[in-house]
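There are 2 protein chains.
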Amino acid sequence: MDEKGVSSKGAILAAARKEFAARGFSGARVEAIARAAGCNKAMLFYYFSSKENLYRSVLAQALGEIFAEIGGVVNERLTPRSFLERFPEIYIRFLARNPDLPRILVFDLIHNPENISRTVGQIFRENASFNPQLLLGMIRTWHDQGLISEGDPMHFILNVISLSIFSFVGRPMVEAISGLKAGEDEEFYRARIQSVVHTLTKGMLK
Amino acid sequence: MDEKGVSSKGAILAAARKEFAARGFSGARVEAIARAAGCNKAMLFYYFSSKENLYRSVLAQALGEIFAEIGGVVNERLTPRSFLERFPEIYIRFLARNPDLPRILVFDLIHNPENISRTVGQIFRENASFNPQLLLGMIRTWHDQGLISEGDPMHFILNVISLSIFSFVGRPMVEAISGLKAGEDEEFYRARIQSVVHTLTKGMLK
DNA sequence: TATTATATTAACCGTATGGTTAAACTAAAC
DNA sequence: GTTTAGTTTAACCATACGGTTAATATAATA
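Line order of the protein sequences matches chains P and X. Per the numbering used here: the first sequence = residues 1 to 206. Per the numbering used here: the second sequence = residues 1 to 206.
Hints may be right or wrong, so weigh each one.
Identical copies look the same in the list; a pair holds intra-copy or inter-copy alike.
To be verified - Below 35 Å or equal to it, Euclidean Cα-Cα: the simulated DSBU-like pairs (lysine-lysine) are:
#1 K9 with K41
#2 K181 with K51
#3 K202 with K181
#4 K41 with K181
No lab work stands behind these hints: they were computed from the structure.
Generate the whole structure from the sequences, applying the supplied hints.
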């Protein structure tokens with residue numbers, strides 16, 4: 001694959017990510033993706049064979065990046081406090097830098113959860129950037145040692161992820177309800193991280 | 001408007017809610033909605049004039065129901081503890097009974113936040129089922145009295161809503177990560193409510 | 001019964017869209 | 001310099017889709 005080929009395929013993937021994030025699968029236009037990638041529509045089918053397949057590639061890439069980022073936080077010698085203090089910051093900052101990812105993710109969680117399951121399973125099989133069993137085991141140990149109050153790892157993780165990821169989705173909702181503007185992005189994320197970390201550490205650490 | 005007319009319009013709205021929730025705006029098919037409502041496609045345009053307009057009606061109705069439910073929890077003599085103990089239960093149970101609502105809501109929060117803002121504003125103007133300023137004022141008072149640790153009402157509400165609503169969206173994600181099945185719905189919601197209430201009360205009450 | 005307003009249908013229409021094809025261009029490989 | 005494999009394009013195709021129309025049915029009203 002020569003230089004032009006790489007950049008074409010890459011450009012299509014990048015453009016597709018934006019388009020799918022902005023409009024969802026059905027709303028995304030193959031033509032628009034090709035144009036944004038600076039190439040012909042046929043080019044897109046040449047590399048990805050179908051819209052569906054292009055979407056799968058985008059999703060797999062996005063989930064891969066997310067898990068690589070998460071994997072960086074999870075290691076053998078993690079205390080529950082350092083996990084709860086560091087995870088939300090890293091995760092929220094990462095999603096703020098890559099706003100297309102939570103959109104694609106949440107969209108699929110709602111409309112195509114099996115899609116997520118399959119792709120996540122595939123990533124864990126192929127890519128060792130993050131070992132979920134390691135995290136699950138640690139959470140169980142933390143609870144056995146009396147360090148945390150939540151005994152079910154699923155709810156522990158759900159609490160952490162909910163507060164982190166919904167910062168993005170829920171912001172316009174709460175702005176609409178309260179009539180307040182949440183302020184500039186940087187200030188909003190700073191305050192959000194602080195609130196999430198405080199609530200999680202105070203709420204789940206024993 | 002005669003009996004048949006009422007039921008046609010209502011049937012279209014109900015079918016549209018399901019279709020939009022399942023496939024999003026662009027993925028939803030006008031034809032499919034009409035068929036599910038037991039009537040002709042032209043009937044739909046007769047009552048709602050466009051797909052867009054039908055969607056707006058569905059969204060307004062959905063948000064109306066949500067705020068009516070929330071309004072039931074918020075009243076003058078609310079302590080922060082009773083709010084944090086009761087809200088997640090009522091909200092999660094309500095969304096579990098009406099699974100289409102969080103789907104439509106989250107979909108629009110991602111792809112059309114201005115839509116949400118406009119409709120929410122409209123509901124507050126027309127319908128007095130829930131007064132957000134009352135809740136905001138209470139949260140500020142609670143903080144002034146030293147009852148809660150989160151001083152910004154926006155983050156207070158965001159924490160509560162995140163943990164409640166993301167229970168639905170995030171479940172397949174966490175199932176995929178952990179490889180665990182979350183169990184039967186009823187058991188899952190029971191445990192989820194308990195975890196959310198515990199985390200919120202312990203995390204945000206002083 | 002004639003009138004009128006609302007409800008409902010079948011048949012159409014224009015276009016946007018995902019996908020195809022066949023040919024041409026590019027640049028190594030031999 | 002010819003072959004070959006990969007890359008790119010313009011033009012095309014079938015159909016699915018949102019929306020329209022004009023005619024008809026229904027039922028209340030005068």
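Hint check:
1. Taking the shortest Cα distances, K9 and K41 sit within 35 Å of each other inside one copy (12 Å), while across copies they are farther apart (41 Å).
2. Only between protomers do K181 and K51 lie at most 35 Å apart by alpha-carbon distance; the minimum there is 31 Å, versus 38 Å within a single protomer.
3. In the homo-oligomer, the alpha carbons of K202 and K181 lie at most 35 Å apart both inside one protomer (27 Å) and across protomers (28 Å), since each shortest distance falls under that limit.
4. For the homomeric pair K41 and K181, neither the shortest alpha-carbon distance inside one copy (41 Å) nor that between copies (41 Å) is at most 35 Å.
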